[in-house]
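Peer 1: From first to last, the protein sequence lines stand for chains A and B.
Counting in the numbering used here, the first sequence runs from 63 upward without gaps.
Counting in the numbering used here, the second sequence runs from 63 upward without gaps.
Please keep in mind that the hints were generated in silico from the structure rather than gathered at the bench.
Honestly, I wouldn't trust all of these hints.
Which copy is meant is left open, so a pair is good if it fits within one copy or across any two.
Stated by the list, open to error - Derived pair list, reagent style DSS-like, types lysine-lysine, alpha-carbon separation capped at 27 Å:
#: 1; residue 1: Lys-490; residue 2: Lys-711
#: 2; residue 1: Lys-250; residue 2: Lys-613
#: 3; residue 1: Lys-210; residue 2: Lys-250
#: 4; residue 1: Lys-881; residue 2: Lys-221
#: 5; residue 1: Lys-718; residue 2: Lys-553
#: 6; residue 1: Lys-542; residue 2: Lys-691
#: 7; residue 1: Lys-853; residue 2: Lys-800
Protein chains: 2
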Amino acid sequence: MKYVYSFNEGNKDMKDILGGKGANLAEMTSIGLPVPRGFTVTTEACLKYYDDEETLNDEIVTQVYEKLSELEEITGKRFGDTSNPLLVSVRSGAPLSMPGMMDTILNLGMNDEVCNTLIEQTGNARFAYDSYRRLIQMYADVVMNFPKEDFEGLFDRIKEEKHVKNDTDLTDADLKEVINRFKAQYIKHAKDGFPQDPIIQLIEAIKAVFRSWNNDRAITYRRLNDISSSLGTAVNVQEMVYGNKGNDSGTGVAFTRNPATGEKKLFGEYLINAQGEDVVAGIRTPQKIETLQDVLPECYDEFQRICLILENHYKDMQDMEFTIEDGKLFMLQTRSGKRTAQAAIKIAVDLVEEGLISKHEALSRVDAKSLDQLLHPMFDSESLKNAKKIAEGLAASPGAATGKIYFSAADVEKAYNDGEKELILVRKETSPEDIEGMNVAGGILTIHGGMTSHAAVVARGMGKCCVSGCSELLIDEVNKTITAPDRTVYKEGDYISLDGSTGYVYGEKVETKDAEISGYFEKFMNWADEVRTLGVRVNADTPRDAETARKFGAEGIGLCRTEHMFFDEKRIFSFRKMIVATTVEDREKALEEILPYQRDDFYNLMKVMEGHHVTIRLLDPPLHEFLPKTNAEINELANALKLGFTDLKQRIESLKEFNPMMGHRGCRLSVTYPEITVMQTKAIIEASIMLEKENIYTEPEIMIPLIVDLNELKYVKNIIKETADKIIEDNESQITYKIGTMIETPRACLLADDLASEAEFFSFGTNDLTQLTYGFSRDDASKFLTSYYDKNIFENDPFASIDEDGVGSLVKVGVKIGKDVRPDISLGICGEHGGDPKTIEFCHNNGLSYVSCSPYRIPIARLAAAQAHLRQKAAEKQGSKK
Amino acid sequence: MKYVYSFNEGNKDMKDILGGKGANLAEMTSIGLPVPRGFTVTTEACLKYYDDEETLNDEIVTQVYEKLSELEEITGKRFGDTSNPLLVSVRSGAPLSMPGMMDTILNLGMNDEVCNTLIEQTGNARFAYDSYRRLIQMYADVVMNFPKEDFEGLFDRIKEEKHVKNDTDLTDADLKEVINRFKAQYIKHAKDGFPQDPIIQLIEAIKAVFRSWNNDRAITYRRLNDISSSLGTAVNVQEMVYGNKGNDSGTGVAFTRNPATGEKKLFGEYLINAQGEDVVAGIRTPQKIETLQDVLPECYDEFQRICLILENHYKDMQDMEFTIEDGKLFMLQTRSGKRTAQAAIKIAVDLVEEGLISKHEALSRVDAKSLDQLLHPMFDSESLKNAKKIAEGLAASPGAATGKIYFSAADVEKAYNDGEKELILVRKETSPEDIEGMNVAGGILTIHGGMTSHAAVVARGMGKCCVSGCSELLIDEVNKTITAPDRTVYKEGDYISLDGSTGYVYGEKVETKDAEISGYFEKFMNWADEVRTLGVRVNADTPRDAETARKFGAEGIGLCRTEHMFFDEKRIFSFRKMIVATTVEDREKALEEILPYQRDDFYNLMKVMEGHHVTIRLLDPPLHEFLPKTNAEINELANALKLGFTDLKQRIESLKEFNPMMGHRGCRLSVTYPEITVMQTKAIIEASIMLEKENIYTEPEIMIPLIVDLNELKYVKNIIKETADKIIEDNESQITYKIGTMIETPRACLLADDLASEAEFFSFGTNDLTQLTYGFSRDDASKFLTSYYDKNIFENDPFASIDEDGVGSLVKVGVKIGKDVRPDISLGICGEHGGDPKTIEFCHNNGLSYVSCSPYRIPIARLAAAQAHLRQKAAEKQGSKK
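Could you build the full structure based on these sequences and the hints that come with them?
Peer 2: Right under this line is the structure:
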């Protein structure tokens, strides 16, 4: 097994084993750029290290020694030599970029003797001492895991004692003293001296980098970015070049184009007489890259030349690290630069127009998820810099919001009507009755509830910022306060700010700014539409949502949840009468009152959609969600129904359920109260007929929720059919409609062949399906899932991306046996997963017809669908080659 | 397609198409017994009738006419003839016996003219009129569906007017008047006269019998007896013989042996000068069969001879109908007689000893489910006769109970301590805290909750009568009353009675008697054990349950639920401290207090089991179930913990869940609070070591609940292993233990191959698996499942018998892929299904190692396992023949 590669043995396509950094160092070497020589210990060595219970086996160590000898030969220097010593850096590099997540050590190979040799050799004692103190400091931190502050604090103290501000102002003697005091500090922790053996330094450094693959921040980063922990990291061992040798030395980082805007212009910073992370660590204030032109003009020209070579070679904007040693430029890293969504699109489109890449390539260059940024407000970065983060919840709906807090929908509405425009609704959890308050608030914060809680789902639908499940905050709804972990109390009217993309809550006002949608956006999205084959529909319940979605490119409504329509003040009362009715007659009377409203709803919704698909799901949630909660409300209803208060309260009590998610809801309501289904069908069909008279084409798709059994489907379908056909006949109408079912229980997946015999379409409801496949209540799971992430049991939230092994295998069964029975069946997905790129790829690959997602996710879905198609084609091509 | 068979064309093995009655009439005909001739319209005709939307197609009608002609030829009579008229009966007969569920009409072919002919022919006007009035009465009821009472009431009124008590006391003239008044009543309902055309009578009667297949009582009966609605019923058309021709005529029913006790002695009743259902309808008091010896000695001898022939022929106790016309005996039906469990066992054992059947055959003769009767008290049938049924709930746990009602566990306990011995606990629903109250009560009645609610599960475990989900009763827990649908109010201390085998609630005291277990029982069960290959274990949490189960033949504990152990007064307080602890240290301290109790629990349990398997499941339910509910309790805990009342209340509030069944429970507790798992492992292993010192062998099987993922299993397994191995090492012990997992989520089934790599055994938890596969909360499903039964959507309760299509297919996947990875894996089932014969057969056929069920179901499981094995062997034999 080959565990170690010289830079001249690799290339840019070997990221899996060499890591991104190693592969690109090899590539730059091969195209003749000035790269200090070195070698890469592979990711496979890292995995072996973990397999061997965190030990480095002899084979790996031997190969490291071999490559080290080669390096000595090439450079003519020797590791630990007292005449011409070789010093190396050790840097991590994973297959996927994880900037700053893992560790780096510079100047390995330095010890007391080598330091003296270097002084002799260079005549630059300051440089030698500076390099040595940096090694001790990094080694203590990265290898030994001693408290970073102990060394940093010591360094700061010495600077104070010497009355200097910058490290460059310390004298040789000062730095020598630093080294001595660092060594003493090291002994205090280690009960042993700083290792003088360069080989020990090197091997321990390599192990430390492997260990850093599983440090907390790396784990979190991987989870947030869907990176598998099974990849491992590589380690790059590279001859040191020194930016800290004096005023014609330095180090810097730069992008070939502006990563925030995409502007085609070098963008970066550098520091003279500095090393490693000094630039980003903010030790001194770095200079803008343009100024290098004046300071070291030859270096600047050389750097610009290299940038051009790299962009043309990689055909992408590059993020680079460089070091200048005695006026000579060395490249230490290049990689595709991280960029904002706005920049990503501009760069991709520009690269196409510059003839560097194809449209298809351009599509693959933009992270679909990042498009969210384009559609939501963001914090002003200056204002955010000093903001105090008081808690962290779930990043439930992206965007930023700042405002005064109110603790009920009514209070928010009142403040809004009083002229307040910056408002945050804070609730233990929201319920459908809070809709109006959510609508006028700029952001929503809930204490309970997960990524797919009511608040999260509705907020995403509205494109509104939401942080959910922020259980670190204690809420007192009676006294209208929230208390942060640090005991600060925020009361009604106080300002807080929410970042719905990170889940952070700030305890003050942070300025926000609207995102800008460039003209590039439309051009780019049209390319995506040319490519994709998967349909993209929207989950929309109101004409407003539907309009937004059409603007974003939705091709139809994949899910209209009719339940939200019942919360309107005018109807909720009739609806409640319906629920507590004890006779079919009373129930029908109450439903008659609701019918005109429902008909209007569907009329307006289908009108906005102008003949595109409209899938309407019959009433789904447990009825008790709609019931009055306060005694006053109960009393009002009791009076209207001429019922005793106690009687009614008892009836309401009896409607409560232990596990409402698995209770009396979905099509079960159609079985127990067929009248509801009759009314909803009437409303849909009558609305359709109204539009027919206006020459607007409709073919409503009536969708039955929560089906588990063929008989159940037949029963409900029959009610719909009888009702619909009679109205159509009575009106001599020509309209058509379809009847289909949600597939959202494991049983429905397993018996999808049965169901396909009656259903004209399936829509996979992967929210419920995930809940049932795992036995995870989405509203409760946040309580324990944090532990699952912390303990590395789960890497992803199964409610955010489809669980392909479990839930996905049920979907596959459903698709397969459903198509066996009805080959032309329309297959959609309408869970929250419908807007997740990974899930969208799964849907594409498994033959679904469309995905349906919330309006603000439509662009994401369009791009993800295009990318899925391109990847599939690429894989097929690869397959046919073999 | 042949839709109609003459009796001489069929035999006893054609029950599927001829129904039981038809097949046996054919069989009796073929062995030369005196059976009136006739023909059978097949079950296939019935299914066709339903396929054709309840119309009888021409092909069937034509075949009926053909067979009618044959019958006319054989009998020499003609249907509707005015010289020698043929009269026929039309009787239902399904493939599986459904006594009394469907309809019968006698004397078809009678009309005004035929009546006169019969008077002329027989000189017996009374007989002719009686037959006619019976036809009108039955036709009005069965075919026309007119209110039965209208005709019965009229008949009673005429008897009153004539001052006679029995119908036989009515004169010819009286009966003629009855006919006229019946006809008038008929016209009143039908707006048309009673049909005089015999053919119309016949065809309408056949259709009516087909319709009766789907009457309410038939549907209910099928559901209760697991009979598929797709079987359909056959219709038997048979020449009438008349038991109502005078004093040497009569009709009766009899069993070849006593169906209550199994005693080998003719058992039955008859009536002289009567027809059809008179005997069972209680119109006059019937005579005991023995007395026929004095009344019509030749007939009696003939009947005895036929009984012997039938028993030897069918090799089983027979239930027969006969009619005597003018001193001549005719057999109208024979079938295997329904019998009590006690009789079933005695008869089966006797038949083996008489050499009529084999032991294997005997085992198949006893309905496994019926064994329940042998182990529980029953109502005294005399006392039950006049008891007033006030409501009907779910038959949650069999047996009978009578007692004074109390509305809390504490009140029941108090009454018990005050010396009351007949007690019924009435609760909205029970919770684990009610255990002691349930223990001293004779029966439990709950208003909410299903067949697998807490009350039901615990009651079955205790072998205690329970009616659950009796939502017809309104409960007022504050004022301690229940109100029946008829508005009668029962208050604390009032007597009610419960039948846990039917779900009936009686509003008064009904005497009960203990069941008797005969010596036959043991002999019979030993035969079952010789045959079965499937293991039978018990779900037992206490040494007492374990002892009961051992007595009933359990081979080990398949499920010890540790949660019930925490409700003891001494521990619940420590347990609560553990739950609300905010630091690991506080939690560990509280757990330390519980450890000695848990160790004792396991010590005693394993001691009772004497080296048999003991599978202990780690803590499973959501923690909030254990929390204090009243303010007083919260206060007490707050004081003990030196916490503010509000603080604690808030913490308790924050532990509540929306859907606790899918919330923070099972192994999720082990992930969030590994300390609990450490404590439970300690208790198990230390108990094992204590027993080792007493030379009692143990190998505890530690079972992890609710696993969904391999990483999760590894994490929890690791905690157990580290804890256990350290204790074993420290004690220099030799004990071994196993670690396995419940398979109770769909995901666990789908990924069972992964899980089998770490789990040494699987136990399928089909309660949770059913909940999740359907999305049915077992505690809430009763609210809507009733509608599903009423509307014929479901035939069975999926919580009672495993749903083979959905849940079963997941179990099959789990078994298959689990065995692929670990061929010798032990596979059990420990849901409530483990005691259900149909499920047990499923488990046997799919290669499970054992079933585990509540103690009182052990004998059922043993027998069902034997029967499953026998059926499998028979099917294999059949298969190899082909």
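Peer 1: Compare the structure with each hint and give your call.
Peer 2: Against the structure, the hints come out as follows:
Both within a single protomer and between protomers do Lys-490 and Lys-711 lie at most 27 Å apart by alpha-carbon distance, with minima of 24 Å and 15 Å respectively. Proximity of Lys-250 and Lys-613 under a CA criterion of 27 Å is satisfied in neither setting, with 65 Å inside one chain copy and 69 Å between copies. With identical chains, the CA atoms of Lys-210 and Lys-250 are at most 27 Å apart within one copy only, with a shortest distance of 14 Å there and 102 Å across copies. Taking the closest pair of Cα atoms, Lys-881 and Lys-221 never come within 27 Å of each other, the shortest separation being 74 Å inside a single copy and 68 Å across copies.
Within a single copy, Lys-718 and Lys-553 get their C-alpha atoms only as close as 33 Å, which misses the 27 Å cut-off; across copies the closest is 25 Å, which meets it. In this homomeric assembly, Lys-542 and Lys-691 come within 27 Å of each other (Cα to Cα) both inside a single copy, at 19 Å, and across copies, at 25 Å. For the homomeric pair Lys-853 and Lys-800, the shortest alpha-carbon distance between copies (24 Å) is at most 27 Å, but the shortest distance inside one copy (47 Å) is not.
The structure fails hints 2, 4 (numbered hints given earlier, in ascending order).
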